[in-house]
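First residue of the sequence shown? That's 1 in UniProt numbering, and the numbers climb one at a time after it.
Incorrect hints may have been included.
[To be verified] No farther apart than 25 Å at their CA atoms in a straight line, the calculated lysine to aspartate or glutamate pairs in the DMTMM-like style are these: (1) LYS123 <-> ASP68; (2) LYS123 <-> ASP109; (3) LYS123 <-> GLU136.
Everything labelled a hint here was simulated from the structure, so no lab data went into it.
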Amino acid sequence: MTTDGDRSIPSVPAGDDDQRVRERATLDVIAPAISRDEVTATGRVGAVAYPYLVYRATATISRRFLGDRDTEYVVSLDRARRLPLRADTHPETTTRTLADVLVVPPAVDREQSRALARDAVFKWTLRSYSLGAAPEIELSAPVAAHKLFWLATRDGGDVIVDSVTGDERPLAP
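Build the full structure now, drawing on both the sequences and the hints.
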């Protein structure tokens, strides 16, 4: 088992019979800003579909002499790494059929994802406000989708390209 800080991620050896690698898969994906065809490569461009669950969250803070204060967040939960992230917007999704794609399985189910998102909203609220009591947290509008990453072969080495932001990072040899 490999670990990422205090979050453990089970490692699965990849082989010819690996069910994650699919010749063709139809998935709900976060709308990519960069298509597979736009990636510059000297060879093949592969795809990795990473599971995310995105919530709209509202933390209601009770105040004694004033009315309640509502603070809104968008929680983007990386379901493979069990990592809640604060997002700017609730994503648009689309259904796509992809060829030659590695579909990363989620490490947490929806119930665990909800608990992780709720905990993250609680911590973010604590960092922003002085609280007299625990805030009431409401999670709504869940969107389960995959985020696509393009794997490109280049002369200088392989790179991974985020399909939403366009960020590129070299892959370790």
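| field | Hints breached by this structure | value | none
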